[in-house]
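Going down the list, the sequences are from chains A and B. Read in order, the letters of the first sequence are residues 0 to 325 in numbering that gives the first Met the number 0. Read in order, the letters of the second sequence are residues 0 to 323 in numbering that gives the first Met the number 0.
The hints are simulated quantities; they were obtained by calculation from the structure and are not laboratory data. Backbone N, C-alpha and C fix where the C-beta goes; we use that ideal spot for every residue, glycine too. Be a bit skeptical, because a hint or two may be false.
Using C-beta positions, here's what the derived DEER-type ranges look like [stated by the list, open to error]:
hint : chain 1 : residue 1 : chain 2 : residue 2 : range
1    : A       : 263       : B       : 57        : 36 to 42 Å
2    : A       : 124       : B       : 184       : 41 to 47 Å
3    : A       : 179       : B       : 137       : 46 to 52 Å
4    : A       : 263       : B       : 135       : 49 to 55 Å
5    : B       : 136       : A       : 228       : 58 to 64 Å
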Amino acid sequence: MTKITYREAVRIGLREALQRNPRVFLMGEDVGKYGGTYACSKGLLDEFGPERIRDTPLSESTFVGAGIGAALGGMRPIVEVMTVNFSLLALDQILNNAATLRHMSGGQFSVPLVVRMATGAGRQVAAQHSHSLEGWYAHIPGITVLTPATVTDARGMLLTALHEPDPVFIFEHAYLYSIEGELEEGPPAVDISRAAVRRTGKDVSLMTFGGSVWKALAAATQLAQEGIEAEVVDLRVLRPLDIGTILASVQKTHRAVVIDEAWRTGSFAAEIAAQIMEEAFYDLDAPVARVCSEEVPIPYPKHLEDAALPQPEKIVRAVHRLLGRG
Amino acid sequence: MTYSMTREQGLQLLRHMLRIRRFEERAAELYQLGKIRGFLHLYIGEEAVAVGSIPSFTSEDAIVATYREHGHALVRGTSMGTLMAELYGKATGCASGRGGSMHFFDASRRFYGGLAIVAGGLPVAVGLALADKLQGRARVTGCYFGDGAVAEGEFHESLNLAALWKLPVLFLCENNLYAMGTALARHQSQTDIAAKAKAYALPAETVDGMDPLAVETATRHAVEFVRNGNGPYFLEYRTYRFRAHSMYDAELYRTKDEVAEWKRRDPIMTFEQTLRTAGLLADTDLQNIETEIATEIEDAVAFAEASPWEPVEQLTKDVCTPKT
Numbered sequence: 000m001t002k003i004t005y006r007e008a009v010r011i012g013l014r015e016a017l018q019r020n021p022r023v024f025l026m027g028e029d030v031g032k033y034g035g036t037y038a039c040s041k042g043l044l045d046e047f048g049p050e051r052i053r054d055t056p057l058s059e060s061t062f063v064g065a066g067i068g069a070a071l072g073g074m075r076p077i078v079e080v081m082t083v084n085f086s087l088l089a090l091d092q093i094l095n096n097a098a099t100l101r102h103m104s105g106g107q108f109s110v111p112l113v114v115r116m117a118t119g120a121g122r123q124v125a126a127q128h129s130h131s132l133e134g135w136y137a138h139i140p141g142i143t144v145l146t147p148a149t150v151t152d153a154r155g156m157l158l159t160a161l162h163e164p165d166p167v168f169i170f171e172h173a174y175l176y177s178i179e180g181e182l183e184e185g186p187p188a189v190d191i192s193r194a195a196v197r198r199t200g201k202d203v204s205l206m207t208f209g210g211s212v213w214k215a216l217a218a219a220t221q222l223a224q225e226g227i228e229a230e231v232v233d234l235r236v237l238r239p240l241d242i243g244t245i246l247a248s249v250q251k252t253h254r255a256v257v258i259d260e261a262w263r264t265g266s267f268a269a270e271i272a273a274q275i276m277e278e279a280f281y282d283l284d285a286p287v288a289r290v291c292s293e294e295v296p297i298p299y300p301k302h303l304e305d306a307a308l309p310q311p312e313k314i315v316r317a318v319h320r321l322l323g324r325g
Numbered sequence: 000m001t002y003s004m005t006r007e008q009g010l011q012l013l014r015h016m017l018r019i020r021r022f023e024e025r026a027a028e029l030y031q032l033g034k035i036r037g038f039l040h041l042y043i044g045e046e047a048v049a050v051g052s053i054p055s056f057t058s059e060d061a062i063v064a065t066y067r068e069h070g071h072a073l074v075r076g077t078s079m080g081t082l083m084a085e086l087y088g089k090a091t092g093c094a095s096g097r098g099g100s101m102h103f104f105d106a107s108r109r110f111y112g113g114l115a116i117v118a119g120g121l122p123v124a125v126g127l128a129l130a131d132k133l134q135g136r137a138r139v140t141g142c143y144f145g146d147g148a149v150a151e152g153e154f155h156e157s158l159n160l161a162a163l164w165k166l167p168v169l170f171l172c173e174n175n176l177y178a179m180g181t182a183l184a185r186h187q188s189q190t191d192i193a194a195k196a197k198a199y200a201l202p203a204e205t206v207d208g209m210d211p212l213a214v215e216t217a218t219r220h221a222v223e224f225v226r227n228g229n230g231p232y233f234l235e236y237r238t239y240r241f242r243a244h245s246m247y248d249a250e251l252y253r254t255k256d257e258v259a260e261w262k263r264r265d266p267i268m269t270f271e272q273t274l275r276t277a278g279l280l281a282d283t284d285l286q287n288i289e290t291e292i293a294t295e296i297e298d299a300v301a302f303a304e305a306s307p308w309e310p311v312e313q314l315t316k317d318v319c320t321p322k323t
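Construct all of the structure, not just a fragment, from the sequences and the given hints.
In structure tokens form, the structure reads like this:
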């Protein structure tokens, strides 16, 4: 098995996508000459040329909207938005056009668009570059929302997304780009319909996605030293949600903690908790717990940023409370 | 200005303007009867723009329009019956009844809406043009929007991107002087809309939008310019909406005198006079056209009335494309 960074995995996925299908092209801010803000598209301009690797003006709404139009016109665009915070400038196009056109037109128009963006905190880039808004996107019917946590998913989800007939949004946690992992054997394009159990356990289920998967795994390692066996479920796909895997885990462990880097109120974690309550209430030995970000704009200094985010220690404490050891 | 026009061309322009006018007059009546609900934005007064411009596009070209798009869809060739059924919200409508007045769609005629977020269609049109350019197709995308759209960021972003990438898109601004109820001069520091386009290095011109022949001449030229690979082009049609913005508008923002002044330039009335003066229109022609249209409208209403509602079981159909 090969060890590569998450950033390299994204780049491999992009290269393979561009090689496989001449209708695929990449556009976004600084994807070409600069090589991508996170260096995910480094070298692609030289390899594929300016027709297929397109630097755009700082016009999020228009280049996302142009992605919608190009998809309607028979292309397979990959649009990169620099961060989820900037994607708010394109939210009109995403919600009112990309997600809506198919239903509103009575099924006449599909939008096979892939949008990638960085999300999440942990790099001391303060309150306008650090938020986790993928849960907002998961609120929208008509789109698929992916949160690759591993290098295998970072490469493979992109390839699968390019075969989807409707819009797919891929949220790459910015903290993960430099993290190394092993590219699993198997077909490059991965399943995008199922959650994955990243660690098995019988005492409690840790439900999470994206960058928090690694924090949950770190918490599980700590808990194991105390003899508590935590199961870690990586949701992978926020919409459509694989509720079956979630329920199967809860029915085994009877306890669940949902970890989500978004703010607690109205978070995707709240949705997971509600669905567990609706479908597996009588399997629970304790209320579903949540570990989310504190309800503040993410601050710059490291000690405050750390305090604002879910951390392995917070997850461990939440598990202790569930088990009556808090 | 002089035009060479055959009798048939002249009658066709008049026929299309009257089709739109009568269709919408009937739609307004049906709205009062509660047959049509929601928002209904009438195009009455502006007919010369759609009638003069839409025929310049081929069936391979794409049209992106706004929530005031009844006229555009009618001239593009979508049947009046499916449009009326859409206004009713019936399953036989051009969007299966799901969109209503603001959201006409017709994939078979490359009619991409019916988009009701002001300026939201411009980026989509830019993307459709990009797809054509990347695939080497000599197609043109025509993008209609109103004067209100020029205040939106997407207007400026889209003109810039289209000009930067030399995309085959024709921007068609229907300037009826009011963004809903706010006059152009009350929301724009620069009221010369064509001047804004020129600032993005687009060739731009202003056209009398009450004259179907002026619209036709300018649009035909602009479409050819774009089709020949010269990049985008911008047309501003000066026009006027005779009716309220929608059915809920008390029209407190403009005077009756102003409306009356513009009605003296009613494109149907003035063009009818032009045809008569040129000896191209007889009374019987007009009667025949009106009779044909009355029949078409009655058939459309009957079709809409008789059409079924989409079954509730299909509520979530086509949120996503079915997986095969």
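Outcome of the hint check:
1. 263(A) - 57(B): 36 to 42 Å: Given about 55 Å between the Cβ atoms, the range is violated.
2. 124(A) - 184(B): 41 to 47 Å: Once the Cβ atoms are compared, 43 Å apart, the range 41 to 47 Å for residue 184(B) and residue 124(A) holds.
3. 179(A) - 137(B): 46 to 52 Å: holds (49 Å)
4. 263(A) - 135(B): 49 to 55 Å: This hint holds: roughly 52 Å between Cβ atoms.
5. 136(B) - 228(A): 58 to 64 Å: holds (60 Å)
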